[in-house]
Amino acid sequence: DGGITQSPKYLFRKEGQNVTLSCEQNLNHDAMYWYRQDPGQGLRLIYYSQIVNDFQKGDIAEGYSVSREKKESFPLTVTSAQKNPTAFYLCASRISGDTQYFGPGTRLTVL
Amino acid sequence: AQSVAQPEDQVNVAEGNPLTVKCTYSVSGNPYLFWYVQYPNRGLQFLLKYITGDNLVKGSYGFEAEFNKSQTSFHLKKPSALVSDSALYFCAVREASGTYKYIFGTGTRLKVLA
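Taken in order, these protein sequences are the chains called X and E.
With my numbering applied, the first sequence covers 19 to 129.
With my numbering applied, the second sequence covers -14 to 99.
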């Protein structure tokens, strides 16, 4: 899991609540990513950021928001507009090469 | 559209036997291909990648992968499987558009039987 931390490890959300997942890296990587993992579906890209103060939507951005105010931090907010948020969320970072390095993940459950 | 396919949901192999986890891809331009492994409730760990050069790529934990351009495949292999290799394996390809987006396969669960 390298120098990427995600917190919390487990998160429970009530319907109608917004929750924020933390992702921090001390690898000095420029790019950061958020993925959602569901059983049998692999990883799907939610948002990604190539540099500070810039980010782009991935394939399933609806109901999610992000910010990239600092190089080392890329928090993901799951809003109440996300109708099926229960999933395993993975953050990754990448330096100028091609390899992504992943955090340990956050498991979000809607109660 | 670029895509990655892992045709097997699960692969079972006896300990000590060789293993193969299959991956085929569809990309425009030169492919950038990756293999990752995931243990339960953990993030993905990088195993190896193919960017250019030799078709046989060696990676971590004794794994290797063979790039075959004519068959558009990038199969993961290991000569002798260990029980500890049991995990979920993902193949991925980087989009050639320059956006540095990655497309992942649906994953193959490898089960090594003692």
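Note that these hints are calculated values from the structure, not bench results.
One or more of the hints may lead you astray.
Stated by the list, open to error - Residues on chain E that point at chain X, a partial pick, calculated with CB under 10 Å: (1) D(-6); (2) V42; (3) Y46; (4) F48; (5) G90.
Please read all numbers here as calculations on a predicted model, not as lab measurements.
Don't be surprised by glycine CBs; every beta carbon is placed ideally from N, CA and C.
Status of each hint after checking the structure:
About 8 Å separates the beta-carbon of E/D(-6) from the nearest beta-carbon of chain X, less than 10 Å, and the hint is met. Hint status for E/V42: violated, given a least beta-carbon distance of 13 Å to chain X, over 10 Å. Residue-level restraint check for E/Y46 is violated (minimum Cβ-Cβ distance to chain X is 16 Å; threshold 10 Å). Hint status for E/F48 relative to chain X: violated, with the closest Cβ pair at about 15 Å, above 10 Å.
A cut of 10 Å between beta carbons decides the hint on E/G90: the least distance to chain X is about 6 Å, and the hint holds.
When each numbered hint is compared with the structure, violations occur for hints 2, 3 and 4.
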